[in-house]
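Student: Whole structure, please, built from the sequences with the hints as guidance.
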Amino acid sequence: MLYAFHELAYHSATPFRIGAQMARQFWTSPLNPASDTAIGRTAYAAAEVFESLTRRYGKPDWGLETIEIDGKPVRTTEQVVWSSPWCRLVRFARNIGDLKRAGRPAAAPAVVIVAPLSGHYATLLRGTVETFLQDHDVYVTDWANARQVPMLEGRFDFSDYIDHVRDMLAAVGPRAHVVGVCQPGPPVLAACAVMAAENDPNRPASMTFMGSPIDARLSPTVTNQLAEEKPFTWFKSNMIHTV
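Going by my numbering, the first residue of the sequence shown is number 457, and it counts up by one from there.
Hints are computed from structural coordinates only; laboratory data are not their basis.
Given the structure is predicted, the values throughout are model-derived calculations rather than measurements.
Treat the hints with care, since some could be wrong.
Cross-link-like lysine to any residue pairs, in silico, SDA-like; alpha carbons within 25 Å at most [unchecked claim]: (1) K556 - D526; (2) K692 - C638; (3) K556 - G527; (4) K692 - P606; (5) K515 - E586; (6) K528 - D593; (7) K692 - G527; (8) K686 - Y459; (9) K515 - L580; (10) K528 - P561; (11) K692 - M663.
Tutor: In structure tokens, the structure reads:
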């Protein structure tokens, strides 16, 4: 029911959001003599805040068509090298000619950046990707919004998450490095452990975790206390929602 209530709230606010858009135009119109008064600016600000809070934001662009390496511009091209209904693995291919002009070799170690799956767009890691592009061949997971995936594709659970990470590492090839940012830390660790146990030739050369909850017992918070106080059946009944 959680997502049903979310959709209800969004659509219920639509008439008010349209009204806020009209109010914003009214209070900024050059034909409105009150537009440059304190009252006009306050009314505009209120309408702007309401409209911004109730709108849906689309996925932003990466904006990495050109980066700077050693003071030289280097063009990049987005390439989808692997995909499923749930995720695309995007490579930022650096222009070889630009790399030569920057005095950098065309070949660079590959790094797979596993972005958080829920609540974020992968573009949140734009700065991280841009930094890695200085010295690496960068791949990043571009997760789909679960509500946009047809139900006929079935469920996506923790095991599927692990399989996806493993398949993407295999698509990149041997000796790649993997970086798990926050939430994907556990599935990345599990995928790499399985690959190591099976002596998979595509297992990564290194694992790096950034803010990932590998052993949350070391820094217990209210979330840890809740996990210890409630039985597993409570979480199944209250924390799993249909998207």
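Student: Could you run down the list of hints and mark each one as holding or not?
Tutor: To see whether the hints hold, each was checked on the structure:
no., hint, result
1, K556 - D526, "holds (12 Å)"
2, K692 - C638, "holds (23 Å)"
3, K556 - G527, "holds (13 Å)"
4, K692 - P606, "holds (23 Å)"
5, K515 - E586, "holds (18 Å)"
6, K528 - D593, "holds (17 Å)"
7, K692 - G527, "violated (53 Å)"
8, K686 - Y459, "holds (23 Å)"
9, K515 - L580, "holds (10 Å)"
10, K528 - P561, "holds (14 Å)"
11, K692 - M663, "violated (31 Å)"
Hint violations for this structure: numbers 7 and 11, all remaining hints satisfied.
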